[in-house]
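**Student:** For reference, the chains in residue letters:
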Amino acid sequence: MSTLVKEDLFENLLESAPANFTEARQTAKNLYLKSGLPAPKEEEYKFTGITKKLEKSLDNYNQANQLSVEENLIKESVFQGFEGDVLVFSNGKFLQEMSSTIEGLEVSDILSSSAEIGSIAKAEKDAFAALNQASFSGGISIKVPKKTKIEKPILLLSFNGANDGQVITPRFWIEVGDFSEVTFLDQSISMGEEAYFVNKVVEIKGGLNSHINYYRLQNESNQAIEISNIETDIQSDARFTSVNISLSGDMVRNNLSLNLLGSNSEGNMYGIYLLNGKTHVDNHTNVDHTIPHAESNEMYKGIFDAQSRGVFNGKIFVRQDAQKTNAFQQNNNVLLSDDAIVNTKPQLEIWADDVKCSHGCTVGQLDEEALFYLQARGIGKVQAKGLLLYAFAGEVMEKIEEESFKNHVVGLIQDRLGSKF
Amino acid sequence: MLTIKNLHAAVEGTPILRGINLEVKPGEVHAIMGPNGSGKSTLASVLAGREEYEVTEGEVIFKGKDLLDLAPEDRAREGVFLAFQYPVEIPGVSSTNFLRTALNQVREYRGQEPLDAVKFLSLMKEKMKLVEIDQKLLSRSLNEGFSGGEKKRNEIFQMAMLEPTLSILDETDSGLDIDALRIVSNGVNKLKSADTATIVVTHYQRLLEYIVPDYVHVLYKGQIVKSGTKDLALELEAKGYDWIKEEVDAAV
Numbered sequence: 022m023s024t025l026v027k028e029d030l031f032e033n034l035l036e037s038a039p040a041n042f043t044e045a046r047q048t049a050k051n052l053y054l055k056s057g058l059p060a061p062k063e064e065e066y067k068f069t070g071i072t073k074k075l076e077k078s079l080d081n082y083n084q085a086n087q088l089s090v091e092e093n094l095i096k097e098s099v100f101q102g103f104e105g106d107v108l109v110f111s112n113g114k115f116l117q118e119m120s121s122t123i124e125g126l127e128v129s130d131i132l133s134s135s136a137e138i139g140s141i142a143k144a145e146k147d148a149f150a151a152l153n154q155a156s157f158s159g160g161i162s163i164k165v166p167k168k169t170k171i172e173k174p175i176l177l178l179s180f181n182g183a184n185d186g187q188v189i190t191p192r193f194w195i196e197v198g199d200f201s202e203v204t205f206l207d208q209s210i211s212m213g214e215e216a217y218f219v220n221k222v223v224e225i226k227g228g229l230n231s232h233i234n235y236y237r238l239q240n241e242s243n244q245a246i247e248i249s250n251i252e253t254d255i256q257s258d259a260r261f262t263s264v265n266i267s268l269s270g271d272m273v274r275n276n277l278s279l280n281l282l283g284s285n286s287e288g289n290m291y292g293i294y295l296l297n298g299k300t301h302v303d304n305h306t307n308v309d310h311t312i313p314h315a316e317s318n319e320m321y322k323g324i325f326d327a328q329s330r331g332v333f334n335g336k337i338f339v340r341q342d343a344q345k346t347n348a349f350q351q352n353n354n355v356l357l358s359d360d361a362i363v364n365t366k367p368q369l370e371i372w373a374d375d376v377k378c379s380h381g382c383t384v385g386q387l388d389e390e391a392l393f394y395l396q397a398r399g400i401g402k403v404q405a406k407g408l409l410l411y412a413f414a415g416e417v418m419e420k421i422e423e424e425s426f427k428n429h430v431v432g433l434i435q436d437r438l439g440s441k442f
Numbered sequence: 020m021l022t023i024k025n026l027h028a029a030v031e032g033t034p035i036l037r038g039i040n041l042e043v044k045p046g047e048v049h050a051i052m053g054p055n056g057s058g059k060s061t062l063a064s065v066l067a068g069r070e071e072y073e074v075t076e077g078e079v080i081f082k083g084k085d086l087l088d089l090a091p092e093d094r095a096r097e098g099v100f101l102a103f104q105y106p107v108e109i110p111g112v113s114s115t116n117f118l119r120t121a122l123n124q125v126r127e128y129r130g131q132e133p134l135d136a137v138k139f140l141s142l143m144k145e146k147m148k149l150v151e152i153d154q155k156l157l158s159r160s161l162n163e164g165f166s167g168g169e170k171k172r173n174e175i176f177q178m179a180m181l182e183p184t185l186s187i188l189d190e191t192d193s194g195l196d197i198d199a200l201r202i203v204s205n206g207v208n209k210l211k212s213a214d215t216a217t218i219v220v221t222h223y224q225r226l227l228e229y230i231v232p233d234y235v236h237v238l239y240k241g242q243i244v245k246s247g248t249k250d251l252a253l254e255l256e257a258k259g260y261d262w263i264k265e266e267v268d269a270a271v
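From first to last, the protein sequence lines stand for chains U and R.
Just so we're aligned, residue 22 is where the first sequence starts under my numbering, counting upward by one.
Just so we're aligned, residue 20 is where the second sequence starts under my numbering, counting upward by one.
Treat the hints as calculated values from the structure; they're not laboratory data.
Incorrect hints may appear among the rest.
Listed below are several chain U residues computed to face chain R (Cβ distance under 8 Å; list not exhaustive) [unchecked claim]:
id, residue
1, 103
2, 391
3, 394
4, 396
5, 397
6, 398
7, 399
8, 401
9, 408
10, 412
11, 415
All figures in this text were calculated on a predicted structure; none of them were measured in a lab.
A virtual CB, placed ideally from N, CA and C, is assigned to each residue, including glycine.
Required output: the full structure, derived from the provided sequences and hints.
**Tutor:** Structural data, given as structure tokens:
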């Protein structure tokens, strides 16, 4: 354990943490100092050398100051076709005065909220979750009351950039009452070209029979390093769906954990990574079936060009009590270049004996025969490739229920694949 | 329309075609027959531009252009159509979307306006009748879960949509039952005109009862060793290929 390094890097950050949630912060700080940042060969970060990356890419490990965000910038940054409410963040800090007021919603700055910090995303599970809990300097608490349907999607729009400090530590607390429905779109915009590090935690507490969609678009600058821990508790008859689209960044690690805590609950995790350059994206997912009669579905598709790298690790736990579980997992990858790398690992631990579980991971290349078939019908090579790759990724895009966001993502992906059809 | 001169081609260094000469004129139907492994499908693939075949010698002139110089998509746009022996299943790509993309790229190359959705659909309906193909098939992903016969019919349907000048049917008859063979052949025959030509690659004479060739060529060891009329096909049907093999091998 390289105790020296970890204290060197984030000592100031921890020292300058805001003076609230002191107990939660102190607990997390102790855990963090005990574990330190992931060592080079640590299993959970084996393929994602985040510690080294942070040491190499950053030189100011202090909290980045708030950036000035103008009305116009917000307008320009909201994607075309979006009709909904926008909540704005600047380097993690919630800008209430720039944000929509959403009827039926209780919204406040995380620092002055009654969020149950660390009750869902536990600090002991991950060094970065602990680091965030000890040092978070901004974020939001959103509470959807019982039996409320939030009709329009809510865009959580974050502006991130280095500003007298390169570390950004946002924390979201989302509580959705029984029988309520809400869709979140989480997107960040990079400001400036300087490297920065986002260490984000999102805790989602879903009520009975609640329906929550959390869609995320990661297309930040190629200087952005990001670690996120998103964890959600799903109660009986409730459904939670995450769709994560990763298109760029320097090094991105997404830890997504779903806890199925009530019967007839459903947790869905879908994702696309479509990468080029030297972008490195690591999706670590974890679904915990603790009770009988719950279902989880997972499908991640990766397309890797140039020297990009993808990591997928999908853990599924089916506890002894969790009979009649349905758990499905799929991770398919296409490598477009000899220099691209993908590491994929399904990890199922099943203690119950009456369950349906399946998993499949594939890594391959573009089907040359299919490509030739399309070309032989007059379709140009670039477009034929695009058509095939789009078809490959399309299955995931179909899971996005919010039309405007889906159209936006489809457009971005078609642009990246070099063709519209 | 098509002139093949002394064409040699190899796969991974192994020569397959060893000097093919063939002249195809508008309005003609040529049958290429021969025993397994004689190079029939290789010839079809080389003409369509499949990458793994390396042309080592010779030339192919199509409508005055050096065909071997063109990318596969440009050959298609120029009017060469290969009906695949094994049509590829492509999940996630809808048949309709695929065909519309293909047709409009071909039209663009030929300096024609792209077809809008309405015109495209009415053209599709018209051509569907030709090969008696069910609309339900076309609402699915391209060839996905199609039976062998359905795939072959879909090939001819695509041919009808793209209106090629030179159609190459690579063992289109293999695996078809008699009804399917009749439907596929009818489609091909209806698409024939004085301006178009067809090369039928087949192992059996059966298909040639439906698509009647003007010329029959026998391919053996990568060369055309015998040419004749449709009667040659009947002779092959009756006597098999052994007598030709013996003739050729004796001459060598």
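**Student:** Which numbered hints turn out to be false for this structure?
**Tutor:** 1
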